[in-house]
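Chains as they are written, first to last, in the working numbering: chain F, 1419 to 1730; chain D, 1419 to 1730.
Incorrect hints may have been included.
Since the list gives no way to pick one copy over another, a pair counts as held whenever it fits inside one copy or between any two copies.
Said to hold, decoys possible - Derived pair list, reagent style SDA-like, types lysine to any residue, alpha-carbon separation capped at 25 Å:
1) Lys1664 / Gly1497
2) Lys1717 / Ser1545
3) Lys1664 / Arg1548
4) Lys1664 / Arg1420
5) Lys1454 / Ala1484
6) Lys1664 / Ser1545
7) Lys1454 / Glu1720
8) Lys1454 / Thr1485
9) Lys1717 / Asp1707
10) Lys1664 / Pro1486
11) Lys1454 / Leu1487
12) Lys1454 / Ala1501
13) Lys1664 / Ser1641
14) Lys1664 / Pro1493
15) Lys1454 / Arg1711
16) Lys1717 / Arg1450
17) Lys1454 / Pro1486
18) Lys1454 / Gly1725
19) Lys1454 / Cys1439
20) Lys1454 / Gly1577
21) Lys1717 / Pro1552
22) Lys1454 / Ser1708
23) Lys1664 / Ala1572
Read the hints as simulated data drawn from the structure, not as lab findings.
There are 2 protein chains.
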Amino acid sequence: MRIVVLGAGAGGGFPQWNCACPNCARARAGDRAARKRTQTSLAVSADGMAWLLLNAAPDLREQISATPLLQPLAPDTQGSLRASPIRAVALSGGDVDAIAGLLHLRESQPLAVYASRRVLTLLAANSIFRVLNPACVSYREILLDRAEPLSDFAGRPLGLTIEAFAVPGKVPLYAEEEGEVKLGTTEGDTVGFTVSDEAGASFHFVPACAALSEALHARLRDSQLVFFDGTLWTDDEMIRLGLGTKTGRRMGHLSVSGDDGTLAGLAPLRIARKVFVHVNNSNPMILEDSPERAIVTRKGWEVAYDGMEIAL
Amino acid sequence: MRIVVLGAGAGGGFPQWNCACPNCARARAGDRAARKRTQTSLAVSADGMAWLLLNAAPDLREQISATPLLQPLAPDTQGSLRASPIRAVALSGGDVDAIAGLLHLRESQPLAVYASRRVLTLLAANSIFRVLNPACVSYREILLDRAEPLSDFAGRPLGLTIEAFAVPGKVPLYAEEEGEVKLGTTEGDTVGFTVSDEAGASFHFVPACAALSEALHARLRDSQLVFFDGTLWTDDEMIRLGLGTKTGRRMGHLSVSGDDGTLAGLAPLRIARKVFVHVNNSNPMILEDSPERAIVTRKGWEVAYDGMEIAL
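If we strip away everything but chain F, and leave its shape as in the complex, we get (with noise of 0.2 Å):
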């Protein structure tokens, strides 16, 4: 199995377009240690030929496009000139750093969209999805803790299954107000998912969790590799650096550092390699010469940036 991390930012991405903070100055200046990142999407394929995305980053065109193995390199089998290599999407929540992707990939090519009932009603509630024609792209519902095979819109199989997990989390931004969804956390509208080969191969991608469970534990002890929500250092970090009104917890994201964070929660599980995505611009351990960074390396974790490949 094949893993590129096409983006590993969160929400607004590395340097953030109208964010004058120390950290983006530095990645917008080209500081070889404030390496710039897109928002987070993975692309994943058994085969090295056929490929499917776990979200769909706003960013997406531009991963493409710094991605060959996702570019169309010639005619399909059938001599179609419409001719990505990516085959499916697989959609973990409904906010926008996760679905707008999304809308780059119209003009006619067949996909298949796999994604919990919940997101799918939110996408049929937004008519601007429907720019994704009807007659190529299938909509294919994911139940919760059942092992799926994957397959394109014509049914061949990618060689991958997955299986959607419930991750405490949020309803998105944009739909905590509005009455013709109602997302919440217990129906499993954040969900990390698994991902395996026939082969055996298998990780786990968690892009945004706002506390751990036993559930949680259980799911993630003894794994070959875990991708996980690294979107703050702390807590407060956000209102601390004059960069915004809310905590962690109120958008959904548990901290990296502290007693109750991610370093201390996962530690006893046994991961035998553990990857940070999801990386905000506030957070410290962004940058590689912080203290922070050096915390999260000795504790064995690994910061993902835009163009990681990962062979399992």
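Start from chain F and add chain D according to the hints.
Here is chain D on its own, set in the frame of chain F:
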């Protein structure tokens, strides 16, 4: 007045994410005569400090990243670290390639969004756009044929005036078959903009146009600068190249060539500077070494490219 072309491509950009046509292959290979283009959006400023965007392309985050003028270089005058020099956006239609970039402009940045009533209704009907915090984003209706001074969220003037005018067009693709908002061609849902500064500089922006009309001729005659729809070279181009099933007219775009095309139609109007924008990957004039490019150049037209700057 300063104008920066942030993107000059049509929907999907150049190369298009899923297209294996020879033009896209050349762009992907880095061929200098097949320059890459993101989707069409312009930035305009009277003072070089506060900027107006004309349309918000899905590539807007990448476009800002490529344009230092649009980056926040220091905290704003109130000391806020959310300090983008982008103060306002005007939308000429509801198509994905004109509006999806609004989703990049989240993160609590004060902003004024100008659009026709129909486009505002479409934004309101799609809950995903609520991600722009209503506490700092002001939606303002533009009426047709009425010059309106532009101001930022706080009401500070930008030193620019905008006037919208009706252009023969079509409904956005995703709204073609829906009931919620009936966008038509007669109510001015596809508009062009005339932007003027206080020193008498003025230009027109018409990124989508399905046909020329007497009213349009009158509007464009004797003008200093026109940015015009350069989507397709011939009406059946997409079909002939095996890239689609629709004619240009069906997609709301007049062709560049032909007796009833743009080159012929605008020739008598004595426009000082004529620039094609919204150029599709299928249009041979996108290639700098094509006979079609030679024709448009000989007829006094330029083909816009990302990063093109014009001072008026």
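A quick look at each hint next to the structure:
1. In this assembly of identical chains, the alpha carbons of lysine 1664 and glycine 1497 lie at most 25 Å apart only when taken from different copies (19 Å versus 51 Å within one copy).
2. Proximity of lysine 1717 and serine 1545 under a CA criterion of 25 Å is satisfied in neither setting, with 45 Å inside one chain copy and 41 Å between copies.
3. Taking the shortest alpha-carbon separations for lysine 1664 and arginine 1548, only the inter-copy value of 17 Å comes in at or below 25 Å, while the best intra-copy value is 33 Å.
4. In this homomeric assembly, lysine 1664 and arginine 1420 never come within 25 Å of each other (Cα to Cα): the closest approach is 37 Å inside a single copy and 37 Å across copies.
5. Within a single copy, lysine 1454 and alanine 1484 get their C-alpha atoms as close as 13 Å, and across copies as close as 13 Å, so both meet the 25 Å cut-off.
6. Within a single copy, lysine 1664 and serine 1545 get their C-alpha atoms only as close as 30 Å, which misses the 25 Å cut-off; across copies the closest is 21 Å, which meets it.
7. Proximity of lysine 1454 and glutamate 1720 under a CA criterion of 25 Å is satisfied intra-copy only: 16 Å inside one chain copy versus 34 Å between copies.
8. Within a single copy, lysine 1454 and threonine 1485 get their C-alpha atoms as close as 16 Å, and across copies as close as 15 Å, so both meet the 25 Å cut-off.
9. When the C-alpha separation of lysine 1717 and aspartate 1707 is checked against a cutoff of 25 Å, the pair qualifies only within one copy, where the shortest distance is 16 Å, while the shortest distance between copies is 56 Å.
10. Taking identical chains as interchangeable, the C-alpha atoms of lysine 1664 and proline 1486 are never at most 25 Å apart, the minima being 38 Å within one chain and 29 Å between chains.
11. Taking the closest pair of Cα atoms, lysine 1454 and leucine 1487 come within 25 Å of each other both inside a single copy (21 Å) and across two copies (18 Å).
12. With identical chains, the CA atoms of lysine 1454 and alanine 1501 are at most 25 Å apart between copies only, with a shortest distance of 19 Å across copies and 29 Å within one.
13. Taking the shortest alpha-carbon separations for lysine 1664 and serine 1641, neither the intra-copy value of 33 Å nor the inter-copy value of 50 Å comes in at or below 25 Å.
14. For the homomeric pair lysine 1664 and proline 1493, the shortest alpha-carbon distance between copies (20 Å) is at most 25 Å, but the shortest distance inside one copy (48 Å) is not.
15. Within a single copy, lysine 1454 and arginine 1711 get their C-alpha atoms as close as 16 Å, which meets the 25 Å cut-off; across copies the closest is 36 Å, which misses it.
16. Within a single copy, lysine 1717 and arginine 1450 get their C-alpha atoms as close as 23 Å, which meets the 25 Å cut-off; across copies the closest is 47 Å, which misses it.
17. Taking the closest pair of Cα atoms, lysine 1454 and proline 1486 come within 25 Å of each other both inside a single copy (19 Å) and across two copies (15 Å).
18. For the identical chains of this complex, lysine 1454 and glycine 1725 are neighbours both inside a copy (11 Å) and across copies (21 Å), given an alpha-carbon limit of 25 Å.
19. With identical chains, the CA atoms of lysine 1454 and cysteine 1439 are at most 25 Å apart within one copy only, with a shortest distance of 14 Å there and 31 Å across copies.
20. With identical chains, the CA atoms of lysine 1454 and glycine 1577 are never at most 25 Å apart, being 32 Å at best within one copy and 34 Å at best between copies.
21. For the homomeric pair lysine 1717 and proline 1552, neither the shortest alpha-carbon distance inside one copy (47 Å) nor that between copies (41 Å) is at most 25 Å.
22. For the identical chains of this complex, lysine 1454 and serine 1708 are intra-copy neighbours only, at 16 Å inside a copy versus 36 Å across copies, given an alpha-carbon limit of 25 Å.
23. Proximity of lysine 1664 to alanine 1572 under the C-alpha cut-off of 25 Å is restricted to the inter-copy arrangement: shortest distance 23 Å between copies versus 44 Å within a copy.
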